[in-house]
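Using the sequences plus the hints, can you model the full thing?
Read top to bottom, the protein sequences are chains B and G.
76 is the number of the first residue of the first sequence in the working numbering; add one for each residue after it.
2 is the number of the first residue of the second sequence in the working numbering; add one for each residue after it.
These are computed hints drawn from the structure, not numbers from a lab.
The C-beta atom is built at its ideal place from N, Cα and C for all residues, glycine as well.
Each hint should be verified, as a subset may be incorrect.
[As the list claims (entries may be wrong)] One side of the interface only, derived from the structure: several residues of chain B facing chain G at Cβ under 10 Å:
1) Ser151
2) Ala152
3) Gln267
[Unchecked claim] Derived lysine-lysine pairs resembling DSBU-like cross-links, with alpha carbons at most 30 Å apart:
4) B:Lys124 with G:Lys185
5) G:Lys108 with G:Lys7
6) G:Lys222 with B:Lys269
7) G:Lys196 with B:Lys281
8) G:Lys7 with G:Lys60
9) G:Lys30 with G:Lys316
[To be verified] Where chain B lies over chain G, by a calculated footprint (3+ residues, C-beta under 8 Å):
10) 106–116
11) 184–195
12) 207–217
13) 266–280
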Amino acid sequence: MLTIALPTGRVLTEALDLLSKLDLPVTLLKSRGRELVIEDGTYRYILAKPMDVPLHVTYGAADLALVGSDVMWEISAPLIELADTGRGRCRIVIAGPERIAKRFLGHESELMWLRIATKYPNIADRYFSSRGVQVEIIHMHGSIELAPMLGLSDCILDIVQTGITLKANNLKIFENVTPVSLRLTGSVKSVQTKWEEISLILNKMKSLRA
Amino acid sequence: MSRLPKGCTNVGGSLASAMQKCRTDMISKMHSYGYQTFWPSALQLFESAWEHLPFSLRKRLITLNTPFGEPCCLRADITLAAVSFLASHFSPEERPLRLCYADRIYKTPVRPDIYLEGFQIGAELLGWEGEGADVELIFLLLQSMDMLGLEDSFLVLGDMTFIQQLLSEIDRRTGQSLLTALEKGSYAEYDSMLKSGRVDTYHAQRLSEIPSLKGDLTILKEAERLLPENKSLASLKKILSSLEDLGYANRLKVDLSLIRELNYYSGPIFDVYISRHGRSLGGGGRYDGLLSSYGILGQATGFALDLELIASFSKYTLTVPSIMVWSGGLSPSKVFSMTEMIRQKGTPLEISWNPNRDDSIHLARMRNLKWWVDLSESAVMELGSGEMTILGEWIGGI
Numbered sequence: 076m077l078t079i080a081l082p083t084g085r086v087l088t089e090a091l092d093l094l095s096k097l098d099l100p101v102t103l104l105k106s107r108g109r110e111l112v113i114e115d116g117t118y119r120y121i122l123a124k125p126m127d128v129p130l131h132v133t134y135g136a137a138d139l140a141l142v143g144s145d146v147m148w149e150i151s152a153p154l155i156e157l158a159d160t161g162r163g164r165c166r167i168v169i170a171g172p173e174r175i176a177k178r179f180l181g182h183e184s185e186l187m188w189l190r191i192a193t194k195y196p197n198i199a200d201r202y203f204s205s206r207g208v209q210v211e212i213i214h215m216h217g218s219i220e221l222a223p224m225l226g227l228s229d230c231i232l233d234i235v236q237t238g239i240t241l242k243a244n245n246l247k248i249f250e251n252v253t254p255v256s257l258r259l260t261g262s263v264k265s266v267q268t269k270w271e272e273i274s275l276i277l278n279k280m281k282s283l284r285a
Numbered sequence: 002m003s004r005l006p007k008g009c010t011n012v013g014g015s016l017a018s019a020m021q022k023c024r025t026d027m028i029s030k031m032h033s034y035g036y037q038t039f040w041p042s043a044l045q046l047f048e049s050a051w052e053h054l055p056f057s058l059r060k061r062l063i064t065l066n067t068p069f070g071e072p073c074c075l076r077a078d079i080t081l082a083a084v085s086f087l088a089s090h091f092s093p094e095e096r097p098l099r100l101c102y103a104d105r106i107y108k109t110p111v112r113p114d115i116y117l118e119g120f121q122i123g124a125e126l127l128g129w130e131g132e133g134a135d136v137e138l139i140f141l142l143l144q145s146m147d148m149l150g151l152e153d154s155f156l157v158l159g160d161m162t163f164i165q166q167l168l169s170e171i172d173r174r175t176g177q178s179l180l181t182a183l184e185k186g187s188y189a190e191y192d193s194m195l196k197s198g199r200v201d202t203y204h205a206q207r208l209s210e211i212p213s214l215k216g217d218l219t220i221l222k223e224a225e226r227l228l229p230e231n232k233s234l235a236s237l238k239k240i241l242s243s244l245e246d247l248g249y250a251n252r253l254k255v256d257l258s259l260i261r262e263l264n265y266y267s268g269p270i271f272d273v274y275i276s277r278h279g280r281s282l283g284g285g286g287r288y289d290g291l292l293s294s295y296g297i298l299g300q301a302t303g304f305a306l307d308l309e310l311i312a313s314f315s316k317y318t319l320t321v322p323s324i325m326v327w328s329g330g331l332s333p334s335k336v337f338s339m340t341e342m343i344r345q346k347g348t349p350l351e352i353s354w355n356p357n358r359d360d361s362i363h364l365a366r367m368r369n370l371k372w373w374v375d376l377s378e379s380a381v382m383e384l385g386s387g388e389m390t391i392l393g394e395w396i397g398g399i
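Right under this line is the structure:
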């Protein structure tokens, strides 16, 4: 039996669609109530908060998982990134009010001690550290777009799909940090020991993308 | 209340006992094959450690200054200390050198881990050529696992030489990037690099097969198809064949994309697992490259495992019935001579010198012990039911 961890929330719809295209059983998953573990045929699904999904895989509670690359990079847990599903495409950006824009156009030193609100403190730290820039990171859990408006931060590092929310809050994109998509990941142990089953799913996914 | 620094831990109770028992069993096993115990210094000179450590471990070193003003780091890996010991204490004629150890290591944790300290148990065979050395180490490792009740343990083996040979066919920079992608565990990145046009179609096709070369021992035949005339899998084949002959075929798996975290490994390598746990218990392999960085030519092989993890799954974590022996006012010499009869049965016991009978029974119950022995009355109480038995009869029964 293969155990697959899936993220709850917005990404789940995309994940379910992908699973059904891969011919994996999803009937019970679609008609679930409040259960968080669902067994269907030879598959067991675990539903977890997106940020917790990589941990299920790392500790071996799940063999496979569908997880956003933003979450993978933020958590940085040791796991195998098997494939980019090409789904759930969006990007992580730095955005802020117009008055900050010129700091991003000049020398890197202009960015020193910028206050960045984000739900991705590790990505933000790595991104600015790699440029030798020291910033103040304000870790928030939601409504990040409000932070510059309320004076909590100078700008934000956040995930963006259409950019409508940013516009609605008078925020402008200054830099693209990285593209984001839904990835198929596996635990190191499962990839080494259940490769025959895992490679069937992986090959199907590759043929879907081709 | 006092607390420890963040990331540190005291280990006590049944886990500590299990760790001590596992340590004793494994080290004794190693001793019986001529391995000598090695107690490395907790501090290593920063300048000596730095150049021999892979980048991934350098970033995790915990540094400090000694009172003599020498910049140091806490040892992050015992293998390094063992090789340094070989280089500075033994002449080439004295090799091979067999070392075993069990001690703490210290490094900054990588998420999701949180502890700075770990317990490493392992063995190293330094300065002997040929697959015999690899087989010896793996054989002792598997025997030790069985001895500790970890019969469900198994090894996943790979070979760095195979990957390096295939990557040597393309330009060095791209080869290094592909190796890094495999080391990070990003097959997606590895695939995308191969499709980016940086590698010609022929080599891209060959290299794309590496991540799929996993499975039972028959996978080696598929791998040989990629490098038909090449000897890069010869060592791994001999090792696997010897281990099969020793009866371990069903505990071996092959993953030819395996790259261990410490990039000083240079030949056959392995990860150790048990079926009951989702993460590796440790691993090992050949690290001739590390040896040569000390100016020593030849082969070295070893393994290191997480002692705490091993102990927590070992047979020693099973609850054993324990006994409290109440002195009942008898003289210490009398108590010890009577206790000896019980102790020789092999069941752990604790002597209670408390003059009050009820307090002694109360304490035994608090400790979840199974029996309470009254030496003065030569009687035994089964603490769950309160039922009394005559001591002589009871000893005969345990």
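Cross-check of the supplied hints:
1. Ser151: holds, 5 Å
2. Ala152: holds, 5 Å
3. Gln267: holds, 5 Å
4. B:Lys124 with G:Lys185: Cα-Cα ~24 Å, so holds.
5. G:Lys108 with G:Lys7: holds, 13 Å
6. G:Lys222 with B:Lys269: holds, 19 Å
7. G:Lys196 with B:Lys281: Distance ~13 Å between Lys196 (chain G) and Lys281 (chain B) Cα, so the pair holds.
8. G:Lys7 with G:Lys60: holds, 19 Å
9. G:Lys30 with G:Lys316: holds, 16 Å
10. 106–116: n = 3 at 8 Å, threshold three: holds.
11. 184–195: It holds: at least three residues are needed, and the stretch 184–195 of chain G offers 8 whose Cβ sits within less than 8 Å of chain B.
12. 207–217: holds (count 3)
13. 266–280: Contact hint for the stretch 266–280 of chain G vs chain B: holds, 5 residues under 8 Å.
In this structure, every one of the numbered hints holds.
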